[in-house]
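*Asks:* Take a look at the letters that make up each chain.
Number of protein chains: 4
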Amino acid sequence: MTSEISIRPLAPGDRSAWRSLWRDYLAFYETDLPDEIYELTFARYTDPARNDMLGWIAWQGGDAVGLVHVIVHAHGWKVAPVTYLQDLFTTPAARGKGVARALIETVYADADVAGRGAVYWLTQTDNTAARALYDRVAIATDFMKYSRS
Amino acid sequence: MTSEISIRPLAPGDRSAWRSLWRDYLAFYETDLPDEIYELTFARYTDPARNDMLGWIAWQGGDAVGLVHVIVHAHGWKVAPVTYLQDLFTTPAARGKGVARALIETVYADADVAGRGAVYWLTQTDNTAARALYDRVAIATDFMKYSRS
Amino acid sequence: MTSEISIRPLAPGDRSAWRSLWRDYLAFYETDLPDEIYELTFARYTDPARNDMLGWIAWQGGDAVGLVHVIVHAHGWKVAPVTYLQDLFTTPAARGKGVARALIETVYADADVAGRGAVYWLTQTDNTAARALYDRVAIATDFMKYSRS
Amino acid sequence: MTSEISIRPLAPGDRSAWRSLWRDYLAFYETDLPDEIYELTFARYTDPARNDMLGWIAWQGGDAVGLVHVIVHAHGWKVAPVTYLQDLFTTPAARGKGVARALIETVYADADVAGRGAVYWLTQTDNTAARALYDRVAIATDFMKYSRS
Numbered sequence: 001m002t003s004e005i006s007i008r009p010l011a012p013g014d015r016s017a018w019r020s021l022w023r024d025y026l027a028f029y030e031t032d033l034p035d036e037i038y039e040l041t042f043a044r045y046t047d048p049a050r051n052d053m054l055g056w057i058a059w060q061g062g063d064a065v066g067l068v069h070v071i072v073h074a075h076g077w078k079v080a081p082v083t084y085l086q087d088l089f090t091t092p093a094a095r096g097k098g099v100a101r102a103l104i105e106t107v108y109a110d111a112d113v114a115g116r117g118a119v120y121w122l123t124q125t126d127n128t129a130a131r132a133l134y135d136r137v138a139i140a141t142d143f144m145k146y147s148r149s
Numbered sequence: 001m002t003s004e005i006s007i008r009p010l011a012p013g014d015r016s017a018w019r020s021l022w023r024d025y026l027a028f029y030e031t032d033l034p035d036e037i038y039e040l041t042f043a044r045y046t047d048p049a050r051n052d053m054l055g056w057i058a059w060q061g062g063d064a065v066g067l068v069h070v071i072v073h074a075h076g077w078k079v080a081p082v083t084y085l086q087d088l089f090t091t092p093a094a095r096g097k098g099v100a101r102a103l104i105e106t107v108y109a110d111a112d113v114a115g116r117g118a119v120y121w122l123t124q125t126d127n128t129a130a131r132a133l134y135d136r137v138a139i140a141t142d143f144m145k146y147s148r149s
Numbered sequence: 001m002t003s004e005i006s007i008r009p010l011a012p013g014d015r016s017a018w019r020s021l022w023r024d025y026l027a028f029y030e031t032d033l034p035d036e037i038y039e040l041t042f043a044r045y046t047d048p049a050r051n052d053m054l055g056w057i058a059w060q061g062g063d064a065v066g067l068v069h070v071i072v073h074a075h076g077w078k079v080a081p082v083t084y085l086q087d088l089f090t091t092p093a094a095r096g097k098g099v100a101r102a103l104i105e106t107v108y109a110d111a112d113v114a115g116r117g118a119v120y121w122l123t124q125t126d127n128t129a130a131r132a133l134y135d136r137v138a139i140a141t142d143f144m145k146y147s148r149s
Numbered sequence: 001m002t003s004e005i006s007i008r009p010l011a012p013g014d015r016s017a018w019r020s021l022w023r024d025y026l027a028f029y030e031t032d033l034p035d036e037i038y039e040l041t042f043a044r045y046t047d048p049a050r051n052d053m054l055g056w057i058a059w060q061g062g063d064a065v066g067l068v069h070v071i072v073h074a075h076g077w078k079v080a081p082v083t084y085l086q087d088l089f090t091t092p093a094a095r096g097k098g099v100a101r102a103l104i105e106t107v108y109a110d111a112d113v114a115g116r117g118a119v120y121w122l123t124q125t126d127n128t129a130a131r132a133l134y135d136r137v138a139i140a141t142d143f144m145k146y147s148r149s
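Chains as they are written, first to last, in UniProt numbering: chain A, 1 to 149; chain D, 1 to 149; chain V, 1 to 149; chain Z, 1 to 149.
If we strip away everything but chain A, and leave its shape as in the complex, we get (with noise of 0.2 Å):
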């Protein structure tokens, strides 16, 4: 018996909660962040006046179980922004059951009602586990990243 995934955008009583999902999703791309940086990125995703800048967290019963983080910019093609899906996290303890997917529609059914429902991402090409699934709710592009350094 499993209680349901409730999701919800990130609040400033979150903060606890969404630092360990964080720093766990961060070591997955062998990274660690300064203090600072958690504490300016939390700020910024939880300024309720920032329409750039937008996240959301999974809770199953009391656990936090998955965020997903949310960039919102200018797109010289369109008239609106658009939606770069930046981050996205499940807890291993909760992967498959759905919630990855439920965070990524939280994010679409939210671009839509603001009107900039082009929404994209970057994954690396070797992760074939994600790719599982963004293959069934997106289209894989044919575009690469170049990064200045």
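No lab work stands behind these hints, which were simulated from the structure alone.
Below, in silico cross-link-like pairs of lysine-lysine (BS3-like), each with a Cα-Cα straight-line distance of 30 Å or less:
1. V/K97 x Z/K145
2. D/K145 x A/K78
3. V/K78 x Z/K78
4. Z/K145 x Z/K78
5. D/K78 x D/K145
6. V/K145 x Z/K145
7. V/K78 x V/K145
8. Z/K145 x V/K78
9. Z/K78 x V/K145
10. A/K145 x A/K78
11. A/K145 x D/K145
12. Z/K97 x V/K145
13. D/K78 x A/K78
14. A/K97 x D/K145
15. D/K78 x V/K78
16. A/K145 x D/K78
17. A/K145 x D/K97
18. A/K78 x Z/K78
Given the coordinates of chain A, work out where chains D, V and Z should sit on it, guided by the hints.
*Replies:* Here is chains D, V and Z on its own, set in the frame of chain A:
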């Protein structure tokens, strides 16, 4: 004998030169956009108070020979915003003369001055001509783009 | 017999009607502005993705009879941004018919929907005609403006 | 013998000094604000990537003796944004030593560097102590503020 290349920020007087360059660029992607988008996009790139949409145009003698467009957006992992080089174009006649490289370096220099030196862009994996240049001025990552539709 | 007043957001097709209204408004303040500002300001107020500069125009039959411009900005004392009603104008022929009041109420309604219901504006203390209306729809404060120059 | 006044941009380490100054400033306006606003406002004024909310704090020896907060916003009559000096405070013990004037001049200098030199603020008409200073560094206009509520 050729005249020197000069690169400067897009300005209201560049309207018709810019339209022609951007149209040719979009044609490379088998795209065209309605007139309203040309109007809106040009107004945005030439609004001196916007710092999230920036453009430069390259001139050689009396000819407009290239353009670059940049989108600046927030980043959840960084204090400073990042610089997304969205569009880069050189006219066929002006290729092989370093115009594209000079445009990228203009973006790099501007990004450094503005304190958002993390510059990136997306390109099609099979665009070998472009990638020959990109491999000299940037790093090819293993990130690919997924798009909602 | 008069036709009804309709108020709608400024759109690209309003360019010439808007220019004429705004010029007359500026003339009241013994100001005119160069053409570049007209171009830039109109482009800003009609960019559908901007949410910090908004405008509405009032039509009666085929005549443009009024306009209102709003600037949205952050506020250090509040979670939400605030709504600064910067410009309000009714053509002389249309005065006394509730156009100005309807424009203010349009701003109020939009501000409420957007969750930034704190609306304010500045007016000259001796503008008794305008103040007769303002005293009915808002509160005269004892704050005055200082300007660097 | 007194130590020199130094003014610098608000930074994360100023949190408790800032809270105390801002609380005293708000008390002058017979206002207090909930803790969430203190948190949110401090996070906004100290986010290095925001350019629409800026603050400075004045130190004398080990004492925080003043603060100034600035809101930057678009202006329909101008190419560049304008600089709204929203809050200005000096501790009672430090008055008469030029702290407030130095804070205003800091704002002027920053505004000039950023190309948005039009600085303004609002003050109560009967605040004679403040106005004695303001009349020396700025121009009293005949504009008064109306507020929706």
